[in-house]
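Novice: Two chains, two separate frames, one set of hints: put the complex together.
Read top to bottom, the protein sequences are chains A and B.
Just so we're aligned: the first sequence equals residues 1 to 510 in the working numbering.
Just so we're aligned: the second sequence equals residues 1 to 587 in the working numbering.
Don't take every hint at face value.
Mimicking DSSO-like on lysine-lysine, the simulated pairs with C-alpha atoms at most 30 Å apart in a straight line are [unchecked claim]:
1) Lys253(B) - Lys270(A)
2) Lys428(A) - Lys300(A)
3) Lys347(A) - Lys131(B)
4) Lys253(B) - Lys150(A)
Derived coverage of chain B by chain A (criterion: at least 3 residues anywhere in the stretch with Cβ under 8 Å from a Cβ of chain A; other residues may be distant) [claimed, not checked]:
5) 159-165
6) 173-184
7) 212-223
8) 523-533
What the hints contain is simulated information worked out from the structure, not anything from laboratory work.
Here a beta-carbon is modelled for each residue, glycine too, at the ideal position from N, C-alpha and C.
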Amino acid sequence: MNNGGAEAAVAPVGGPQPLEWKFSQVFGERTAGEEIQDVDIISAIEFNRTGDHLATGDRGGRVVLFERTDTQDHVGHRRDLEKMDYPINRHPLFRYKTEFQSHEPEFDYLKSLEIEEKINKIRWCQSAYGALSLLSTNDKTIKFWKVQEKQVKKVCDLNVDSTKAMGNDPIVGSSISTSSKQYMANGGCTSNDFSLLSGGLPSLRLPMVTTLETNLMARCRRIYSHAHDYHINSISNNSDGETFISADDLRINLWNLEISNQSFNIVDVKPANMEDLTEVITSAEFHPIHCNMLAYSSSKGSIRLIDMRQSALCDTHSKLFEEQEAPGSRSFFTDIIASISDIKFAKDGRHILSRDYLTLKLWDINMDSGPVATFQVHEYLRPKLCDLYENDSIFDKFECCLSGDGLRVATGSYSNLFRVFGCSEGSKEATTLEANKNPMRRQGLTASRPSRSLASPSGVVRRGKGADNSAVDANGNTFDFTTKLLHLAWHPTENSIACAASNSLYMYYA
Amino acid sequence: MSTVEAPLYPIAVLIDELKNDDIQLRLDSIRRLSTIARALGEERTRSELIPFLSENNDDDDEVLLAMAEELGVFIPYVGGVEHAHVLLTPLETLCTVEETCVRDKAVESLCKIGSQMRENDLIEWFTPLVKRLAAGEWFTARVSACGLFHIAYPSAPETLKTELRSIYGQLCQDDMPMVRRSAASNLWKFAGTVESAHLKADIMQMFEDLTQDDQDTVRLLAVEGCAALGKLLEPQDCAARILPVIVTFSQDKSWRVRYMVANQLYELCEAVGPEPIRTDLLPAYVRLLRDNEAEVRIAAAGKVTKFCQILSPELAIQHILPCVKELSLDSSQHVRAALASVVMGMAPVLGKDATIEQLLPIFLSLLKDEFPDVRLNIISKLDQVNQVIGIDLLSQSLLPAIVELAEDRHWRVRLAIIEYIPLLANQLGVGFFDDKLGGLCMQWLQDKVYSIRDAAANNLKRLAEEFGPDWAMQHIIPQVLEIANDSHYLHRMTLLRAISLLGPVLGSEITRSKLLPVVVNASKDRVPNIKFNVAKVLQSLISVVDQSVVEKTIRPCLVELSEDPDVDVRYFAVQGLQSIDQVTMSS
Numbered sequence: 001m002n003n004g005g006a007e008a009a010v011a012p013v014g015g016p017q018p019l020e021w022k023f024s025q026v027f028g029e030r031t032a033g034e035e036i037q038d039v040d041i042i043s044a045i046e047f048n049r050t051g052d053h054l055a056t057g058d059r060g061g062r063v064v065l066f067e068r069t070d071t072q073d074h075v076g077h078r079r080d081l082e083k084m085d086y087p088i089n090r091h092p093l094f095r096y097k098t099e100f101q102s103h104e105p106e107f108d109y110l111k112s113l114e115i116e117e118k119i120n121k122i123r124w125c126q127s128a129y130g131a132l133s134l135l136s137t138n139d140k141t142i143k144f145w146k147v148q149e150k151q152v153k154k155v156c157d158l159n160v161d162s163t164k165a166m167g168n169d170p171i172v173g174s175s176i177s178t179s180s181k182q183y184m185a186n187g188g189c190t191s192n193d194f195s196l197l198s199g200g201l202p203s204l205r206l207p208m209v210t211t212l213e214t215n216l217m218a219r220c221r222r223i224y225s226h227a228h229d230y231h232i233n234s235i236s237n238n239s240d241g242e243t244f245i246s247a248d249d250l251r252i253n254l255w256n257l258e259i260s261n262q263s264f265n266i267v268d269v270k271p272a273n274m275e276d277l278t279e280v281i282t283s284a285e286f287h288p289i290h291c292n293m294l295a296y297s298s299s300k301g302s303i304r305l306i307d308m309r310q311s312a313l314c315d316t317h318s319k320l321f322e323e324q325e326a327p328g329s330r331s332f333f334t335d336i337i338a339s340i341s342d343i344k345f346a347k348d349g350r351h352i353l354s355r356d357y358l359t360l361k362l363w364d365i366n367m368d369s370g371p372v373a374t375f376q377v378h379e380y381l382r383p384k385l386c387d388l389y390e391n392d393s394i395f396d397k398f399e400c401c402l403s404g405d406g407l408r409v410a411t412g413s414y415s416n417l418f419r420v421f422g423c424s425e426g427s428k429e430a431t432t433l434e435a436n437k438n439p440m441r442r443q444g445l446t447a448s449r450p451s452r453s454l455a456s457p458s459g460v461v462r463r464g465k466g467a468d469n470s471a472v473d474a475n476g477n478t479f480d481f482t483t484k485l486l487h488l489a490w491h492p493t494e495n496s497i498a499c500a501a502s503n504s505l506y507m508y509y510a
Numbered sequence: 001m002s003t004v005e006a007p008l009y010p011i012a013v014l015i016d017e018l019k020n021d022d023i024q025l026r027l028d029s030i031r032r033l034s035t036i037a038r039a040l041g042e043e044r045t046r047s048e049l050i051p052f053l054s055e056n057n058d059d060d061d062e063v064l065l066a067m068a069e070e071l072g073v074f075i076p077y078v079g080g081v082e083h084a085h086v087l088l089t090p091l092e093t094l095c096t097v098e099e100t101c102v103r104d105k106a107v108e109s110l111c112k113i114g115s116q117m118r119e120n121d122l123i124e125w126f127t128p129l130v131k132r133l134a135a136g137e138w139f140t141a142r143v144s145a146c147g148l149f150h151i152a153y154p155s156a157p158e159t160l161k162t163e164l165r166s167i168y169g170q171l172c173q174d175d176m177p178m179v180r181r182s183a184a185s186n187l188w189k190f191a192g193t194v195e196s197a198h199l200k201a202d203i204m205q206m207f208e209d210l211t212q213d214d215q216d217t218v219r220l221l222a223v224e225g226c227a228a229l230g231k232l233l234e235p236q237d238c239a240a241r242i243l244p245v246i247v248t249f250s251q252d253k254s255w256r257v258r259y260m261v262a263n264q265l266y267e268l269c270e271a272v273g274p275e276p277i278r279t280d281l282l283p284a285y286v287r288l289l290r291d292n293e294a295e296v297r298i299a300a301a302g303k304v305t306k307f308c309q310i311l312s313p314e315l316a317i318q319h320i321l322p323c324v325k326e327l328s329l330d331s332s333q334h335v336r337a338a339l340a341s342v343v344m345g346m347a348p349v350l351g352k353d354a355t356i357e358q359l360l361p362i363f364l365s366l367l368k369d370e371f372p373d374v375r376l377n378i379i380s381k382l383d384q385v386n387q388v389i390g391i392d393l394l395s396q397s398l399l400p401a402i403v404e405l406a407e408d409r410h411w412r413v414r415l416a417i418i419e420y421i422p423l424l425a426n427q428l429g430v431g432f433f434d435d436k437l438g439g440l441c442m443q444w445l446q447d448k449v450y451s452i453r454d455a456a457a458n459n460l461k462r463l464a465e466e467f468g469p470d471w472a473m474q475h476i477i478p479q480v481l482e483i484a485n486d487s488h489y490l491h492r493m494t495l496l497r498a499i500s501l502l503g504p505v506l507g508s509e510i511t512r513s514k515l516l517p518v519v520v521n522a523s524k525d526r527v528p529n530i531k532f533n534v535a536k537v538l539q540s541l542i543s544v545v546d547q548s549v550v551e552k553t554i555r556p557c558l559v560e561l562s563e564d565p566d567v568d569v570r571y572f573a574v575q576g577l578q579s580i581d582q583v584t585m586s587s
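One chain only, chain B, in its complex shape (with noise of 0.2 Å):
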C-alpha cells in the first residue's frame, strides 16, 4: 500500500505528519499546506485536503492558529476565487473555538477571502456563514461573527442588509459582555459599509445603546470607536451625535471611560468643525487635564501639544495654559514626565513672546523637578524652544539639571543624559560646551559602570564629529590620553576603545602623531587584558592609517605581540598581523 516513488517521498511525509503525535511535526507540517495543496492539485485540495482540514478541529491551540493564518491565503490553491467558498467551512470551525487568538486570526482569514470572492458567492455562502456564527450556541461563534459584517454587507441585497442590520443590533444587547465588547470594537468598522442613511439612523441607535452599556469594559470600546465613527458622519452629524456622547463621557464616573476619552479627543477634533471644539471639546479638555485621577490626567497631558496645535494661540493661552502651569506643580511624578515630554513642542505653536512670557517659567521648574525623568524629558526635546526663543535664556538653568542627571546615583539617568550630549552640544554651541560640558565627559569615562564607560567613548566620538578635529585635539585628546597613566585598568581599557572610535573621526594625521605612541605604549602593559585589546585596536587602526605607519609602527608592536606569553595575546596578535598581510595584498 505504501509504495511512493522516491521523489514524492518527501512530500508524501510531510502529509503524513499532519497527524503526527509530534505537536512541531504538526506544526511544520501544517505551516508547508500551500506545498501540500499544489501537489495534490486543486482538485484534490477542494475534495480531500480541505474536507480533511475541516474535521481537525480539535487539535492544539498552536497547529489552529497556523491553520487559521494558511487558510487566509489558500484561495490560489483550491482553484482561485470561484471556489474561495470550500475555505469557508474550515474556517467557520475555528471561529467558535475558545482560543482567543485562534478565534482573531479566523476572522482575519475571512475577512481577507471575503473580500476577494465574488458577490454572487459572497450571498451564497458567506452571508449565510455570518448569520450562522451571530446565532451560535456559543458566545465565541457570535464574538467572531460581529468582526465580519462590514465584508458581507455591501454586496448584499436590500433585504439581506435590513436583516444584517438587525442581527448587529441583537449582538450589541447579548447576554454576554464579551459579545457586546466585540460588536462595540468591530461597529465603525461596519459603520464604515452602511449607507448614510441607515448609519445616522441604525448604527446611531446602536452606538447610543453601547455608549449606555452597564459594563465599563464595553463603554470603554464605544469610545474607542468614536472618532473613526464621527468621522464617517458629516462634520454636523457628528457635531450633532457624537460630540453629547464624548462630553458626557468625559464626566464618566469611571476614570478608564475618562481615560479612553483623553486619549482620542484629539482625533475627535479633527472630525468636527472648529466651532464646536471651542463650545464643548476644549472645556471638555480642560476638565479633564484637571481630572482627579493621575492616569487620565497623564493620558491628557500627553496630548497637550497636539491639542494646541489645532487651536487658535489665544485660546491655548487663555484656556490651556493655565492647566499646563497646574500640571507641571502635579503631585504625580508620571504625569509631570508625561507634560515634560511634549510641553517644549508648544513653544513653535504660541510663539515668541507667549513662551518667554509664560511657558520658560515651566520649563525651568520643569528642568529642577526632583524625579529624573521629568529632567530628562525637557532636555530631550530642547531643539523645538531653540528655534523660537534661543538658548541662552535656559542655559543657566540647564546646566545644574545636566550636572545633577551626570551624577545620578542611577546608571540608566546617567545613559541617558549622556545620550542627549550630542544635542546638547549642538544646541549649545562650543563655547557653552567647552566650560561647563567638557569636565563632565571626561568624568564618565571613568565611571564604575560599563554601559557608562562604553557610552562616554561613544559620546566622544559624536562630540569630535559635531566639532571637528581641530577642536578635539585641543578640547578633548589632552585628557584623554592622560588616562594612559591610570592605575586602573578597566579605564585603560576605556582609553583603548576611546581611541578606536576616534581615529576613524580624527584623520590618518592626528591618529598617527597622537594615538598611536599610547596604543603601543599600552601594549608593554602588565595586564595581558589590556595586551589583547591594544591588539584588537591596532587591527581596527590599520585601515585608518597610512601603509607605510602600518609597517612601521603597527606591525613590529603586534609582533612583539605574538610571542606574548599569554593565549590570548597572541591569539588577536595573530589575528591582526593576517588582516595587516589581507590589506597588503589586496592593495
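Just chain A, with the same shape it has in the complex (with noise of 0.2 Å):
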C-alpha cells in the first residue's frame, strides 16, 4: 500500500492497478445492541476545497466538523502550505474539530407543514481569515455559518469594583446604567469639561484583558430562506465565489451569498398545469471552472447543461445529455430506476458523473450522444425492483463521487456496500467494500460469507416491516435495504473516501 500514491500519479500512462482500500478511522461507532437514534443518521458529507476539512449534517439538524491532523507540523505560509506536496507515505487522518446546531425543527402555519431539522446538503465556502464558513441546507432554508476561533477573556481591571457592584446588586447595578444613561443625556457638556483637563482624567484606565483560551465559535451569518415551495435537494457554490444556486424539485434559485432577502429564479420547469408535470429536477451543480455553466439533473435521467450567458431564466438548455433506451426493454420500473440521484462535476470540468438506481455513469460535455463509461453498481438487484417497489427502496437516493485526479469513482449500495470503479480508459477496476473495520472483507467472503444479520446488531430498532428487509439473493447472500449507504466524499487531493453508515463516518484509505 505504501506506494499507492505513486500508483495513482502513473495510472494514466500504463494500466491502472486497482486501489487496495484501508480502513483509517471511524467516528460515532455503534457499539453492538446500541441503538440508533433517528436524529443521528448522517444525511450529508462535504470535504473542504483543500481537503483540510471535513463536515457532515445529520438528520437532527447538527453540522460536526473534522479538521485534518496529519498535516499540522506543516503551519506555515498558507500560499506554501497550498502548493505542498504531501508525503505519499501519509494517509489523511481527521479528528473531531466542533459541533453546532444548525436547523432546528420548524412549522409552516400558512401551509400546515412541518419542516425537518434534517441536513440535506453541505457545502464549504471560501474561507478567510482563519474562519471556515459553509452553507447548510435542510428542505426549505439555507443557512451561511461562520467557524471561527474565539478568544475566552478575562477582564480585570475595571475602573468600576464589579465585586462591590455584585455584592449589592441589583441596587447598585440598576443605579450604574441609570447613571450612565443620564451621563449620555448630557454627554455634550460633560465631556466639554474633561476638554479642560489637558492631560486627561488620570484616575481612569482601559480595562486589562488576558486571554485564557481559544474557543471555536459557530455563528449563523445569514438566512436564506421562503425562496423554495418545494423541497431543497441542492446548493452549490459558483466559482466565482460570489454566488450560489439551491434547487428544488421544480426550480433552481441564484443568490449572492452577501445578500439573503433577494434571489433570482434561473430555472423553473414548473408546468402551467401541474397535472402536466412529468420530470422533476433531482440535483443540481455549477461548473468547478466556468461561472457561467451549471448542470442539472432530472427524474427522466437526463442532465441539462445551462449557460446563465444567454438568458436571464435559463429555460432551455444549452446541452442535454440522456441516454435512449433500448428498445423493447421497457418496464414498469424504467421511469423510475433512470431517474438520477446525484451529479458531480469532475475537478477538471470536462467531465459529469451521474447516479441513477442500478448505475452510474460518466459524461463528457463535450460528447452527447451518450455517457462514455457505464457502471453497474447493484445489477443484481434488477430482478428484485418489484420487491425494492414495495419497500420504496427503489426511491432511495445515492450518492457518488469523483476522485481528485479523475480517475476514480465511488458511490454506495445497501448492506453498507459502496463501490470503486476505475474510469480511466482500458481500467477494469470495480471494488466492493464494506463501511466497517475491515473494508475488503467483502470481496474475500462473497460466496461464503454467513449472514449480514449476525453482524448487524440484533438489537436495532428498524423503520418498516423487519422481514421484507433483506433479501436472499443467488449467492445465498442477503441484502439489507435499510442499512444503505446513500452519502460519501472523495478527498479532493488524496485516495481517501468518507462514508455515511448510518449513524457512523467512516474513512478509508488507499
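Specialist: Below you can see the structure in the form of C-alpha cells.
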C-alpha cells in the first residue's frame, strides 16, 4: 500500500492497478446492541476545497466538523501549504473539531407543513481570515455559517469594582445603568469639562484583557429563506466566490452570498398545469471553473447543461445528456430507475458523473450522444425491482463522487457496501467495500459469507417491516435494504473516502 | 483599586463596558468612543486606547463595524493630523476581516483619514500599509487594498508610484476573482490620480486585461467603470481605447454584460464626441434595443429618451424610432412598461410633426396594452406630450384606458390611476373632465377597498383645489351629499372623511350652508362609529367656520353627542368641546 499514491500518479500511462483500500478511522461507531437514534443518522458529507476539513450533517439538524491532523506540523504560510505535496506514505487523518446545531424543526403555519431539521446538503465556502464558512440546507432554508476561534477572555482592572457591584445588586446594578444614561443625555457639556484637563483623567484606566483559552464558535451569518415552494435537494457554490444556487423539485434559484433577502429564479420547470408535470429536478451543480455554466439532472434520467449568459431565465438548455433506452426493454420500473439521484462535476470540469438507481454514468460534456462509461453498481438487484418498489427502496437517493485526479468514481449501495470503479481508459477496476473496520472482507467472503444479520446488532430497531428488508441473492448473500450507504465523499487531493453508514462515519484510504 | 470619583463614574462604566459580555453594551460603548477618548486625553488615547482597540479584533461584526466607523472621524481625539497615523493600525486589522461590510467601512475610514494626512506621513505610514494589504495572505486584505491606492498614489515619489502601479497591475490578475472584482470596481478611482501618460499606458493595459477576464462578474464591473474612465481620457483617446471595448461588450456572450452596457452607454456618449456616437455607439445601442434577452431590452428601453436627447432628431427618427415601434409590441410586458415610462419624453425631442406621425400610434397602442403598468406609465407622463401636440389627439383613446384602469380588479392599479386624476384633470381641462371622469370619481367613493375610498376622498379635495369652489359646488357637492342616505355605514363614513377634507378648501360659507347640515344630520345616525366620526369632523371644522356658527350649530351638536350612551362617542365629543373652548379663549 505504501506506493498507493505513486500508483495513482502513474496511472494514466500504464493500466492503473486497482487500489487496495484500508480502514483509516471511524467516528461514532456503534457498539453491539446500541440503538440508533434517527436524529443521529448522517445525511450529508462534504470535504472542503483543500481537504483539510470535513463536515457532516445529520437528521437532527447538526453539523459536525472534522479537521485533518496529519498535516499539522506543516503549519506555515498558507500559500506554501497550498502548493505543498504531501509525502506519499501518509494518509489523511481527521479529528473531531466542533459541532453546532444548524437547523431546528419548524412548522409552517400558513401551509400547515412540518419542516424537518434534517441537513440535506452542506457546501463549503471560500474561507478567509482563519474562519471556516459553509452553507447548510434543510428542505426549505439555507444557512451560511462561520466557524471561528474565539478567545475566551478574562477582563480585569475595571474602573468600577465588579465585586462591590455584585455584592449589593440589583440596586447598585440598576443605579449604574441609570447614571450612565444620565451621562449620555447630557454628554456634550460634561465632555467639554473633560477637555479642559489637558492630561486627561489619570484615575481612569482601560480594562486589562488576558486571554485564557480559545474556543470554536459557530455563528449563523445569513439565512436564505422563503425562496422554495418545494424541497431543496441541492446547493452549489459558484467559482466566482460570490454566488450560489439552490435547487428544489421544480426551480433553481441564484443567490448572492451577501444578500439573503433576494434571489433570482434561473430555471423553472413548473408547468402551467401541475397535472402536466412529468419531470422534476433532482440535483444541480455549478461548473467548477466556468462561472456561467451549471448542470442539473432530472427524474427522467437526463442531465441539462445551461449557460447563464444566454438568458436571465434559463429554461432552454444548451446541452442535453441522456441515454436512449434500448427498444423493447421497457418495463414499469424503467422510468423510476432512470431517475438521477446525484450529479457531480469532475475537478477538470470536463466530465459529469451521474448516479441512477442501478448505475453510475460518466459523461463527457463534449459528447452528448451518450455516456463515456457506465458502471453497474448493483445489477443483481434488477430482478428484485418489484420488492424494492414495494418497500420504497427504489426511491433511495444514492450520492456519487469522483477522485480528485478524476481516475476513479465511487458510490454507495445496500448492506453498507460501496463500490469504487476505475474510469480511466482500459481500467477494469471495480471494488466492493463494506463500511466497517475491514472494508475488503466483502470481496474475499462474497460466496461463503454468513448472513449479514450476524454482524448487525440484533437490538437495532428498524423502521418498516423487518422480515421484508433483507433479501437473499443467488449466492446466498443477504442484502439488507435498511443499511444503505447513501452519502460518501472523496478527498479532493488524496485517495481517501469518507462514507456514512447510518450514524457512523467511516474513513478509508488507499 | 476601584475608587473612581463620582463625576467620573459614568465614564468609568462606559470604559468598562467596552469589554462587557453584552454585545449591546459593547456597541453603545464603542459608539461613545469619542467621549472615552476625550476623558483619557490625547496622549493616553494614542498610547493606550488605540492599542487597546487594535487588539480588539475578534469581536462580533456589529461591534467591529461600529469601531471602523468611529475611527474614521477620530483624528481630533488623537491629537490632530500629525498623529493621524496611529489610527492606521486598528483599521488595517479591520481591513482583513471576513465580513464584507466591516472591511468596506474600514477602507472608507482609511480613505477619510488618508485624505487628511500630511504628505510625508502618507509616504511613511499609509503607503506601506497599502503595500502590506496588497501582499496580504488572505484575499480579504488584497480586496481592501484595491480601494486605497487612490489615496496613497498622489503623494508618493516617482519610484514608489511606479511600484504602486505595478502592484495594482498584479491585483488585477490575482488568483481570486473577488480581488479582481475589487480591482475592477476601484480602477477608475485609481485612474483619476494617475498621470495622463501612465493612464494611457499602464491603466489602460489593466483595463484591457480586466475586460478579457474569464469571470463574467469581473467583466461586468469593468464595464461599470468604463464611462468614468472614459471621462478621464481625452475624447480622441476615449474613442480609440474605450469605444472598441464597449462595442465588443455590447455583443458579449453574457446577457449580464450586455445589460450593463445598456445601462452605461448613455454615460459613455457624454465622454466621446458626436462623431463616434453616430458611427459606433448608435449601432451598438440599436442592437441592444433588439437584444434577444428581455432584461437587456428593459435596460435599453429605459434609456431611449435620454439617448434621443443627445442625437439629432433626424438620427433619432431614422434609427431609434423603428426600434421603439418594435418595443411597443414586445412580448415582455416589462419591456413595454419600461418603454412606456420614458417614451412620452421623446415628444419634445422629435417635435410636433414627427410626434403626431410616428409617436402617436405608439402611445395609442401602449394605452391599449393588456398590462396595467404599461397604461399607467403612459398616463403618468401625459403632460410631456400635451406640451407638444395638445391633448385632443389622445383624448379619444385616453378615456377608455382610464375607465378600464379605474375598474381594474387589482386595487393597487385603481389606486395608481386615482392618484393621476388631478394631473389628468389639469391636462384635459374642465369640460372633458365633467363629461367623462366625474362619474368615476364618485364611483371610487364607494369602492369596497378602504384605501381606494380614502384616496377618492383625497382626490375630491385636490380636484376642488384645481377647479375652484364654484365648480365643486356644482359638480362634486350634490353627488357627494347624496351618499348621506346610503345604507352602508362605511360609505357614510367616507362621506364624513370627504367633508372634513373639502371643508377647508371650499371655505366657510359653503361649509356652513351645505356641509354642516349634513354632518349634524349624521350625528343622529344609529351607528356609533359614524357618530364619533361626526364628532371628529366637527372638531376639524371649528377652524373653518365663523365663531357664531360654532356656537350656534357645532357646540349644541357636540353637547348632545357628549351625552351619548357610547363611550367612544362621548370621548370624541368632549375632545371637540374642549377644542372649541381653547379657540374661544385664544380669540
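Novice: Indicate, hint by hint, whether the structure satisfies it.
Specialist: Outcome of the hint check:
This hinted pair checks out: Lys253(B) and Lys270(A) have alpha carbons roughly 27 Å apart, not beyond 30 Å. The hinted pair formed by Lys428(A) and Lys300(A) meets the criterion: a straight-line CA distance of about 29 Å does not exceed 30 Å. Between Lys347(A) and Lys131(B), the direct Cα distance comes to roughly 34 Å. Violation of the 30 Å bound is thereby established for this hinted pair. For the suggested pair Lys253(B) and Lys150(A), the alpha carbons sit about 46 Å apart, so the restraint of at most 30 Å is broken.
Here the segment 159-165 of chain B counts 0 residues with a CB under 8 Å from a CB of chain A, which misses the bar of 3, and the coverage is violated. Here's how the segment 173-184 of chain B fares: 4 of its residues keep a CB closer than 8 Å to some CB of chain A, so the rule of at least three is met and the hint holds. Residue count for the segment 212-223 of chain B with a Cβ under 8 Å from a Cβ of chain A: 4. That meets the three needed, and the coverage hint holds. Figure legend: the segment 523-533 of chain B, annotated as covered by chain A; annotation inconsistent (0 residues with Cβ-Cβ distances under 8 Å, at least 3 required).
Checked against the numbered hints given earlier, the structure breaks hints 3, 4, 5 and 8 and satisfies all the rest.
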